[in-house]
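Undergrad: Spelled out from the first residue to the last, the chains are:
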Amino acid sequence: MSNHCSGVRPENPYLPHPARIIRTLPQIPDHQLFQIRFEKEQMAESFTYRPGQFVMLSVIGTGEAPFSISSSPTRPGNIELCVRRIGHVTDALFRLRPNALVGVRGPYGNGFPIEKLEGNNLLLVAGGLGMAPLRSLLWYALDNRSKFNNVTLMYGAKNPDDMLFKYELLNLIDRADVKCLLTVDTDESGIWKAHVGVVTTLFGHAEIDPSNTYAAICGPEIMFKFVLNELLKRNFPKDRILMSLERNMQCGVGKCGHCMVGYKYTCLDGPIFTYWDAINLPEMI
Amino acid sequence: MRIVILPKENLAEFIGHLRSFGELHAPTKRGEKSLVFAPVSDLSEIELNYTRTILPLKKYFFKATDVMFNFCAEKGYELPVEEADKKYVIFGVHPCEIHGLKILDLVFGGKYVDTYYFARRSKVAIIGLDCIPDDLCFCRSTGTDFVDTGFDLFLSDIGDSYLVRVGTSLGDDMVRAADSLFRQVKKEDREAYKRNSVQRRDSFQAEIQLQDLPGIMDLEYESHVWEEVGEKCLSCGICSMVCPTCYCYSVFDELSLDGNTGQRKRIWDSCLFKDYALVAGGHNFRAQRSSRVKNRYFHKQRGFVSQYGRPSCVGCGRCKAYCPAGIDIVEVISKLRSEIRV
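Protein sequence lines, in the order shown, are assigned to chains A and B. According to this note's numbering, the first sequence holds residues 33 to 317 in order. According to this note's numbering, the second sequence holds residues 50 to 391 in order.
Mixed in with the good hints there might be a few duds.
Cross-link-like lysine-lysine pairs, in silico, DSSO-like; alpha carbons within 27 angstroms at most [as the list claims (entries may be wrong)]:
(1) Lys108/B - Lys124/B
(2) Lys135/B - Lys108/B
(3) Lys179/A - Lys225/A
(4) Lys369/B - Lys151/B
(5) Lys136/B - Lys124/B
(6) Lys151/B - Lys349/B
(7) Lys369/B - Lys160/B
(8) Lys148/A - Lys160/B
(9) Lys148/A - Lys211/A
(10) Lys72/A - Lys160/B
(11) Lys211/A - Lys225/A
(12) Lys72/A - Lys124/B
(13) Lys323/B - Lys257/A
(14) Lys72/A - Lys314/B
Treat the hints as calculated values from the structure; they're not laboratory data.
Full structure from sequences and hints, please.
TA: Here is the structure:
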């Protein structure tokens with residue numbers, strides 16, 4: 033068919049690319065870290081992204097859902113998705129074993145504004161599964177350490193058994209180039225050596241200069257409110273508070289409408305929004 | 050723009066010519082009062098003096114249910130076999146419909162191009178036709194009662210003839226292929242066109258005031274009007290289905306009985322459906338009906354303006370015509386506006 037040969041046909045943006053589950057690393061109950069690699073070696077090697085971006089992952093025959101990328105682009109090859117078993121796609125995903133075929137497309141979304149963050153202090157505040165997107169930014173900063181000033185992580189979980197990336201993060205406590213503050217709401221085991229209390233209590237353990245710091249927050253809705261309070265108390269500029277949001281997404285590319293907040297698409301204009309955006313967009317937080 | 054005259058007695062023959070440019074579709078009667086765009090074979094089946102069809106033209110380009118991919122466990126997702134390269138001519142398309150398509154072009158284009166939509170768009174010729182508004186039409190308010198692009202030909206009734214504007218090279222081919230049926234524009238034709246323009250303008254009964262509406266909507270975000278409308282709304286989503294510019298869809302994988310193969314499909318969705326903003330784990334960002342109604346109005350009249358510089362409403366009146374609860378957009382907007390006068 034001659035007319036099919038002429039001209040460049042636009043790429044179908046919805047086509048999932050074949051990828052394989054390389055490894056599944058159980059984290060805490062119902063949470064696993066999936067290491068995934070594109071089938072096409074060239075794609076696996078060239079695939080890059082910004083911390084805070086997400087991919088659409090397809091479990092063949094079940095469906096597709098958005099997942100923020102937990103790995104850092106400074107470590108190319110495999111991508112890592114930290115997934116909670118919570119819906120029908122993740123249910124099916126948890127039944128898959130290494131080497132299973134999945135579909136991946138992306139990366140999508142704006143990601144963190146790395147160029148703006150560089151040269152500043154970074155304050156990462158995470159609660160629960162909110163660590164998933166922030167881990168990407170954390171390792172990006174640590175792998176490009178000279179580009180950032182002080183890096184502080186505050187991460188809160190319900191209890192020590194509920195902390196994602198626990199050993200990886202505990203190892204950071206001893207590092208001099210990052211302030212890693214970990215807390216749990218309660219510790220019945222009595223062997224937890226880091227902090228106990230909600231994540232906002234960690235603000236008492238860190239010096240934060242709002243004039244040259246960007247804060248990145250991700251966590252449950254209730255946590256947003258309390259952390260925002262702490263930041264605003266310290267006169268944090270509203271456009272230096274970055275938040276990663278979650279919404280229903282069916283396409284990831286600004287067509288299906290589901291992730292619309294006010295007049296922004298979470299998938300195109302987000303998922304990283306500033307607090308200033310949030311004030312101007314009804315029903316964002 | 051090239052403009053020619055088609056005497057009405059030549060219309061039937063011209064319609065015959067059009068069929069050589071593709072399968073002919075036009076507004077035709079479905080029920081006693083209802084009309085649809087459907088295949089027609091000659092002029093006798095075409096309703097020339099219609100106001101609105103049940104579904105807008107989007108059904109041709111953005112299908113109610115569409116196969117996106119075939120999948121199988123071993124190979125993953127693959128593009129379905131391309132539809133045959135068949136051409137279509139859609140005759141009798143009103144200006145608001147053409148504006149609706151132009152809005153969908155914006156949405157489905159951009160950074161990521163919806164290949165399904167545009168593949169079909171390129172196969173369809175649009176022959177526009179002007180109309181006289183009924184009591185539900187408010188396209189004059191939305192600035193969509195006239196089009197100067199987005200059609201191959203556009204026919205305006207000037208009494209015993211049609212004034213035909215030629216919009217594209219393909220439209221010009223259509224006219225040239227039936228050259229003897231057309232004649233040059235005369236002074237009387239121009240006068241008749243202008244007379245009709247006034248008559249059409251005077252026929253509008255409904256209007257909404259769009260000027261500064263985004264600002265009013267921000268002011269009235271907490272208005273009790275949303276509660277009132279939410280109380281009436283049945284969340285049936287018919288307003289979305291019949292809307293020329295509603296484009297929301299959801300995606301699902303349909304597994305075959307062999308348990309190994311299947312199709313990924315998309316289906317029209319509505320932001321009024323309860324599960325529209327539901328995320329895995331059970332949190333619903335718009336659990337209240339009033340918040341869903343408000344979101345629909347905000348997206349069309351506020352958000353779209355911010356994104357594309359114009360509202361995504363073309364004033365066709367379908368949402369009111371088909372709402373089982375009788376929700377009237379004109380009334381909702383004027384209620385929002387009048388609140389500040391109290």
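Undergrad: Run every hint past the structure and note whether it holds.
TA: Here's how the hints hold up against the structure:
With a CA separation close to 31 angstroms, the supplied pair Lys108/B and Lys124/B exceeds the 27 angstroms bound. For the hint pairing Lys135/B with Lys108/B, the CA-to-CA distance comes to about 16 angstroms; that is within 27 angstroms, so the pair holds. For the proposed pair Lys179/A and Lys225/A, the alpha carbon gap of about 31 angstroms is over 27 angstroms, so the pair is violated. Among the hinted pairs, Lys369/B with Lys151/B is consistent with the structure: their alpha-carbon atoms are about 22 angstroms apart, no more than 27 angstroms.
Simply put, Lys136/B and Lys124/B have alpha-carbon atoms about 32 angstroms apart, too far for the 27 angstroms limit, and the pair is violated. For the proposed pair Lys151/B and Lys349/B, the alpha carbon gap of about 15 angstroms is at most 27 angstroms, so the pair holds. At most 27 angstroms may separate the alpha-carbon atoms for a hinted pair to count; Lys369/B and Lys160/B exceed this at roughly 33 angstroms. Distance hint between Lys148/A and Lys160/B is fulfilled; the C-alpha atoms sit about 23 angstroms from each other, no more than 27 angstroms.
For the hint linking Lys148/A to Lys211/A, the alpha-carbon distance of about 21 angstroms falls within 27 angstroms, and the restraint holds. The hinted pair formed by Lys72/A and Lys160/B meets the criterion: a straight-line CA distance of about 24 angstroms does not exceed 27 angstroms. Distance restraint check for Lys211/A and Lys225/A: the Cα-Cα separation of roughly 15 angstroms lies within the 27 angstroms cut-off, and the hinted pair is therefore satisfied. A hinted pair counts as satisfied when its Cα atoms are at most 27 angstroms apart, and Lys72/A with Lys124/B qualifies at roughly 13 angstroms.
Under the criterion of a C-alpha separation no larger than 27 angstroms, the hint pairing Lys323/B with Lys257/A is consistent with the structure, at around 26 angstroms. For the hint pairing Lys72/A with Lys314/B, the CA-to-CA distance comes to about 25 angstroms; that is within 27 angstroms, so the pair holds.
Hints 1, 3, 5 and 7 from the earlier list are contradicted by this structure; the remaining hints agree with it.
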